[in-house]
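Following the hints, complete the assembly by docking chain G onto the known chain D.
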Amino acid sequence: MLHRCPRIRRRWALMLLGPLAATAVWADSVRLPAQTPPLYRTECGSCHIAYPPALLPAASWQRLMGSLERHYGTDASLDPAAVQQLSAWLQIHAGSGQRVGPAPVPQDRITRTAWFERKHRALDDSVWRLPSVKSAANCAACHSDAEQGHFDDERLRLPPGLPAHYRHAFLDD
Amino acid sequence: MRTIPTLLTLTLLAAGGAHAADTSPAAELTRFEAETGSTADAARGQRFFTQTHGREWSCASCHGDPPTHNGRHASTGKSIAPLAPAANPQALTERAKVDKWFRRNCGDVLGRACTAAEKADVLAYLIRLRP
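From first to last, the protein sequence lines stand for chains D and G. Just so it is clear: in the first sequence, position 6 is 6 by my numbering, and no numbers are missing. Position in the second sequence (from 1) plus 1000 gives the number in my numbering.
With the rest of the complex left out, here is chain D (with noise of 0.2 Å):
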């Protein structure tokens, strides 16, 4: 029961501080939509897990689509039917508004995005490398659920061998 502790305290934090609130939580709230293509999941989800395209704005997307057999040192070249198909559903649900800006993002990486690094501000290179994470890419080495498209902090996990003194950083927002 301990693990629900943060989102009660959530819901209480909404109904005191009203809307202003629930937009910054929803703002948050990084899911696959809900009509994910299962094309997404198995081309795009095999070598990294399949990431929400509201991570990325449209631009980094269409760079990303249109140069797969070069991508981040590995060919992910797909058919030309799965690219066009999921290029459109990508163009549809990317990020816009306050988690991604209109600025371009370094080499199209999430990771480079100013919301990735704020939300991971804590973290350093030293935590990306340990054997249990290996990369910032990984998600899934402490968001539990990220397969599933689920990155609630409730459903944080400290990936083994992290420095006690960095475990501030998962149980803080």
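Just so you know, the hints here were simulated from the structure itself, not pulled from any lab data. By construction, the Cβ of each residue, glycine as well, lies at the ideal position given by its N, Cα and C atoms. Check each hint, because a few of them may be wrong.
[Claimed, not checked] A few chain G residues that face chain D, going by a derived Cβ cut-off under 7 Å, partial list only:
#, residue
1, R1044
2, H1073
3, G1077
4, R1104
Here is chain G on its own, set in the frame of chain D:
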């Protein structure tokens, strides 16, 4: 009246990317052996799988050595289901996936396409593995 919903369901399944097994590891081995005209060698396949080929990664870098357990992607750390059919009944049961991943991964590991003989050797090695 029942035809339309059935057709609709089938169409949705097809459009949704539902994958069905259309081949088997043994059939894929036979296919590549037929293409190259010689019998595969599992020991040669094991060496091919576990050694690097002038680049940073081997097949085992992501799939593990031996690939009878979950592997981890060499750069992202994501868990990868076992490649050995004895440990993963879904492995090597879709021809399009077999071709797609050989095409991509041979490029990443060797910097070129794999030959049919190399593919046959690797399949012979994978089929022989036991968890």
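Hint check results:
1. R1044: At about 24 Å, which exceeds the 7 Å cut-off, the nearest Cβ of chain D leaves the hint on R1044 (chain G) violated.
2. H1073: Constraint on H1073 (chain G) satisfied, holds at 5 Å.
3. G1077: holds, 3 Å
4. R1104: holds, 4 Å
When the structure is compared with the earlier hints, a violation turns up for hint 1 alone.
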